[in-house]
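A.B. asks: Single-letter residue listing:
2 protein chains.
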Amino acid sequence: MTQYHPLSEREAIDFARTIPDLFAAGAELSCREIGDGNLNLVFHISDPASGASIILKQALPYAKVVGESWPLSLDRARIESEALQIEGSLCPDLVPRVYKYVPELALTVMEDLSDHIIMRKGLIERRTYPEFAGHIGRFLARTLFFTSDLGMNQQEKKERTKQFVNPDLCKITEDLIFDHPYTNADTNSFDEAIRDEAEALWSDTALHLEVARLRHGFLTKAQALLHGDLHTGSIFVTESSTKVIDPEFAYYGPMGFDIGAVLANLLLNFAGQEGWSPDANSRAAYRDYLLRTAKDVWTTFEAEFRALWNAHNVDRISGTRGFQDVYVEQLLQDTIGYAGCKMVRRVVGLAHVADIDTIPDAGAKERAQRLALAIGKSLIMRNRQATSIDELIDIAEKAIR
Amino acid sequence: MTQYHPLSEREAIDFARTIPDLFAAGAELSCREIGDGNLNLVFHISDPASGASIILKQALPYAKVVGESWPLSLDRARIESEALQIEGSLCPDLVPRVYKYVPELALTVMEDLSDHIIMRKGLIERRTYPEFAGHIGRFLARTLFFTSDLGMNQQEKKERTKQFVNPDLCKITEDLIFDHPYTNADTNSFDEAIRDEAEALWSDTALHLEVARLRHGFLTKAQALLHGDLHTGSIFVTESSTKVIDPEFAYYGPMGFDIGAVLANLLLNFAGQEGWSPDANSRAAYRDYLLRTAKDVWTTFEAEFRALWNAHNVDRISGTRGFQDVYVEQLLQDTIGYAGCKMVRRVVGLAHVADIDTIPDAGAKERAQRLALAIGKSLIMRNRQATSIDELIDIAEKAIR
Chain A
1 MTQYHPLSER
11 EAIDFARTIP
21 DLFAAGAELS
31 CREIGDGNLN
41 LVFHISDPAS
51 GASIILKQAL
61 PYAKVVGESW
71 PLSLDRARIE
81 SEALQIEGSL
91 CPDLVPRVYK
101 YVPELALTVM
111 EDLSDHIIMR
121 KGLIERRTYP
131 EFAGHIGRFL
141 ARTLFFTSDL
151 GMNQQEKKER
161 TKQFVNPDLC
171 KITEDLIFDH
181 PYTNADTNSF
191 DEAIRDEAEA
201 LWSDTALHLE
211 VARLRHGFLT
221 KAQALLHGDL
231 HTGSIFVTES
241 STKVIDPEFA
251 YYGPMGFDIG
261 AVLANLLLNF
271 AGQEGWSPDA
281 NSRAAYRDYL
291 LRTAKDVWTT
301 FEAEFRALWN
311 AHNVDRISGT
321 RGFQDVYVEQ
331 LLQDTIGYAG
341 CKMVRRVVGL
351 AHVADIDTIP
361 DAGAKERAQR
371 LALAIGKSLI
381 MRNRQATSID
391 ELIDIAEKAI
401 R
Chain B
1 MTQYHPLSER
11 EAIDFARTIP
21 DLFAAGAELS
31 CREIGDGNLN
41 LVFHISDPAS
51 GASIILKQAL
61 PYAKVVGESW
71 PLSLDRARIE
81 SEALQIEGSL
91 CPDLVPRVYK
101 YVPELALTVM
111 EDLSDHIIMR
121 KGLIERRTYP
131 EFAGHIGRFL
141 ARTLFFTSDL
151 GMNQQEKKER
161 TKQFVNPDLC
171 KITEDLIFDH
181 PYTNADTNSF
191 DEAIRDEAEA
201 LWSDTALHLE
211 VARLRHGFLT
221 KAQALLHGDL
231 HTGSIFVTES
241 STKVIDPEFA
251 YYGPMGFDIG
261 AVLANLLLNF
271 AGQEGWSPDA
281 NSRAAYRDYL
291 LRTAKDVWTT
301 FEAEFRALWN
311 AHNVDRISGT
321 RGFQDVYVEQ
331 LLQDTIGYAG
341 CKMVRRVVGL
351 AHVADIDTIP
361 DAGAKERAQR
371 LALAIGKSLI
381 MRNRQATSID
391 ELIDIAEKAI
401 R
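First to last, the sequence lines map onto chains A and B. What the first sequence shows, in the working numbering, is residues 1 to 401, in sequence order. What the second sequence shows, in the working numbering, is residues 1 to 401, in sequence order.
Don't take each hint at face value.
Copies of one chain are not kept apart here, so a pair can be met inside one copy or by any two copies together.
List time: in silico DMTMM-like cross-link candidates among lysine to aspartate or glutamate, alpha-carbon distance up to 25 Å [unchecked claim]: (1) K100 - D14; (2) K162 - E82; (3) K121 - E239; (4) K171 - E104; (5) K171 - D204; (6) K162 - E174; (7) K398 - D325; (8) K398 - E239; (9) K295 - D186; (10) K162 - D186; (11) K162 - D36; (12) K162 - D229; (13) K365 - E156; (14) K121 - D204; (15) K121 - E111; (16) K365 - D288; (17) K365 - E28; (18) K162 - D175; (19) K100 - E159; (20) K100 - D115; (21) K100 - E28.
Calculated from the structure, these hints are not laboratory results.
Use the sequences and the hints to build the structure in full.
C.D. replies: Okay, structure coming up:
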């Protein structure tokens with residue numbers, strides 16, 4: 001078992017039995033591989049008799065995308081488990097518990113969250129999550145503040161940036177978010193119906209200039225330990241619980257990239273309501289819920305982040321009157337810019353979102369795609385003028401008028 | 001010899017004999033320890049008969065400053081030798097050649113530059129260096145461009161940031177440049193004659209706000225591999241040659257920090273001319289030389305940096321029309337801001353410069369100190385408005401009117 005190889009279900013069960021105090025000796029365990037098979041194996045192992053269960057997640061040494069295979073470092077399993085443990089120490093209720101990490105197998109043993117559903121699925125079903133904004137706002141504030149130069153020893157932070165150097169996974173983001181959608185790249189994927197939109201993106205120099213600034217920030221701004229891929233497919237929810245999973249893209253980057261990811265995915269669903277809401281009234285109501293949630297995510301984040309700064313700032317000169325306002329405004333602008341980049345790529349780039357892609361009606365799907373692009377482009381173009389989260393809300397509201 | 005211990009002169013000579021093709025077997029070698037004894041031992045070993053010579057530089061595990069001893073990681077010797085080798089591969093004529101690095105002794109064996117003098121000394125003697133601006137402009141352009149996301153593979157750059165994580169030495173900069181001068185810190189050191197200036201610095205919130213922004217950039221902006229301590233005491237010169245030494249502060253940071261260090265030290269000497277020029281005419285002439293040099297450093301840097309960008313940019317989207325101008329303007333602003341920080345700390349902080357400190361006449365010294373502070377503060381306050389290097393020249397010229 002100690003040499004790396006993809007585990008069989010049998011081996012996964014044997015391994016699960018070694019976790020103390022979980023399954024009774026001799027329990028009849030069942031195992032299902034529930035990963036999407038692209039990047040990882042995910043084994044769900046349970047004892048139907050006791051109800052006890054556990055997840056084994058094993059990284060694969062490649063990524064399968066559109067039939068191709070990209071080699072990917074297994075080191076991402078270490079990064080994921082270490083990031084989960086840091087997030088867990090800061091927000092124990094908001095991430096799955098990690099029981100064990102086995103480096104030689106790139107294997108993490110963690111809490112089973114089968115009673116939760118993937119938030120993207122919940123949003124497509126037009127459910128509401130009244131606790132979500134508060135939870136994720138707190139998650140963002142605490143994980144970003146306490147891993148930054150504001151909230152931790154600045155010399156230890158430098159060692160952490162080293163621990164989370166993550167070239168392979170950052171490369172995916174750099175290519176698929178900050179490059180390919182803006183040129184005629186082979187990896188791009190979009191419906192012929194919106195070819196005009198895709199081609200317009202490729203020649204929009206003013207847009208490229210803003211994307212270049214945001215890309216430069218992604219490449220150089222080592223502000224805090226990011227989750228790095230915080231879309232609604234990386235969040236498990238129930239009505240009362242939120243769990244952030246899968247931080248394998250974790251690295252030291254600009255805080256706004258994580259906050260923007262959350263907002264972008266709410267707005268992608270907002271666009272997708274072209275295809276999901278049964279009538280205009282319910283569409284307006286659900287969109288209203290999504291925009292309120294987006295605003296609440298930011299305002300909760302901002303309030304908690306400022307409170308942490310006031311109570312726990314370790315950087316004397318960052319305590320200068322006025323600097324917190326400067327810092328938070330820059331965060332807001334980054335957030336809006338990165339949210340825009342995250343939306344655009346989900347329509348014309350390699351990886352799409354089910355909120356839009358699975359809309360059955362072709363006309364509604366096309367309208368949703370154009371809407372997502374319009375919002376995304378406006379967010380990118382207006383990011384540096386933003387002084388309030390109302391800028392983002394305003395862009396979304398005007399786009400549906 | 002393989003366990004770390006500070007070498008004796010005898011051991012240094014024995015070690016030097018092991019370097020191939022340098023000294024004749026049986027040559028009578030002489031050795032002088034010429035370091036300042038604060039951070040490193042520096043042995044100059046020569047054969048008077050042949051004229052051959054060499055430098056052995058060994059890091060000490062502490063820094064002696066104002067009678068105190070700060071522990072310092074020996075890893076800085078690795079960082080210095082690795083940075084020297086990268087700089088040497090990019091600008092072989094502008095750094096000393098490294099013959100050997102011995103990690104267990106924190107020892108670097110390198111070219112002897114005794115035919116050069118420390119530039120600070122040359123400037124105090126009011127010598128001129130017609131090649132300097134061209135040399136250092138090229139050094140800055142090539143070392144900063146080719147270690148950045150513009151000039152090297154972006155995934156390899158991430159591994160390099162890891163290689164040059166340098167907490168101990170960065171801590172010195174963070175404290176002594178970006179913090180202590182702006183508060184009543186124990187480490188500060190200034191003449192009683194300018195206590196009013198020091199106290200004014202401690203309560204100047206508008207200045208602190210700009211320093212906080214620049215400090216944040218120093219902490220987070222991993223743009224390029226910096227020298228990290230590029231003052232005129234780290235530069236050896238002759239009329240026709242320039243050699244940059246001592247990159248033990250090397251780390252991935254904002255490019256403007258290195259460029260600003262060069263300009264700040266020219267301007268510190270500019271202020272020091274209160275005490276060195278024999279009359280008003282020669283003072284004006286030498287100051288004119290210094291300002292021309294400062295301007296030439298920037299313009300050479302800018303021209304070479306843009307030429308490298310046009311020829312060797314590896315980042316497709318950074319090729320967007322207009323982005324280079326945005327980037328260079330941001331560099332200019334950072335340069336001016338960091339130049340200001342570097343000047344202020346040399347008057348009221350722990351480490352001063354001989355250009356001002358050794359002025360014999362007390363009145364002239366005080367005028368020089370006030371002038372350096374006035375220029376430094378203006379550079380800090382005006383950095384974000386700068387659109388041309390003339391902003392810096394203008395600040396210096398107005399300060400002496």
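A.B. asks: Each hint should be assessed against the structure and marked as holding or not.
C.D. replies: Now for the hints, and whether the structure bears them out:
{"no.": "1", "hint": "K100 - D14", "in the structure": "within (15 Å within a copy, 52 Å between copies)"}
{"no.": "2", "hint": "K162 - E82", "in the structure": "both (13 Å within a copy, 17 Å between copies)"}
{"no.": "3", "hint": "K121 - E239", "in the structure": "within (13 Å within a copy, 71 Å between copies)"}
{"no.": "4", "hint": "K171 - E104", "in the structure": "within (24 Å within a copy, 35 Å between copies)"}
{"no.": "5", "hint": "K171 - D204", "in the structure": "within (23 Å within a copy, 43 Å between copies)"}
{"no.": "6", "hint": "K162 - E174", "in the structure": "both (19 Å within a copy, 19 Å between copies)"}
{"no.": "7", "hint": "K398 - D325", "in the structure": "neither (28 Å within a copy, 33 Å between copies)"}
{"no.": "8", "hint": "K398 - E239", "in the structure": "neither (30 Å within a copy, 65 Å between copies)"}
{"no.": "9", "hint": "K295 - D186", "in the structure": "neither (36 Å within a copy, 46 Å between copies)"}
{"no.": "10", "hint": "K162 - D186", "in the structure": "neither (33 Å within a copy, 32 Å between copies)"}
{"no.": "11", "hint": "K162 - D36", "in the structure": "neither (30 Å within a copy, 32 Å between copies)"}
{"no.": "12", "hint": "K162 - D229", "in the structure": "both (19 Å within a copy, 22 Å between copies)"}
{"no.": "13", "hint": "K365 - E156", "in the structure": "neither (48 Å within a copy, 40 Å between copies)"}
{"no.": "14", "hint": "K121 - D204", "in the structure": "neither (33 Å within a copy, 53 Å between copies)"}
{"no.": "15", "hint": "K121 - E111", "in the structure": "within (20 Å within a copy, 65 Å between copies)"}
{"no.": "16", "hint": "K365 - D288", "in the structure": "within (20 Å within a copy, 67 Å between copies)"}
{"no.": "17", "hint": "K365 - E28", "in the structure": "neither (46 Å within a copy, 86 Å between copies)"}
{"no.": "18", "hint": "K162 - D175", "in the structure": "both (22 Å within a copy, 22 Å between copies)"}
{"no.": "19", "hint": "K100 - E159", "in the structure": "within (23 Å within a copy, 27 Å between copies)"}
{"no.": "20", "hint": "K100 - D115", "in the structure": "within (21 Å within a copy, 61 Å between copies)"}
{"no.": "21", "hint": "K100 - E28", "in the structure": "within (22 Å within a copy, 63 Å between copies)"}
In this structure, the earlier hints numbered 7, 8, 9, 10, 11, 13, 14, 17 are contradicted, and the remaining ones agree with it.
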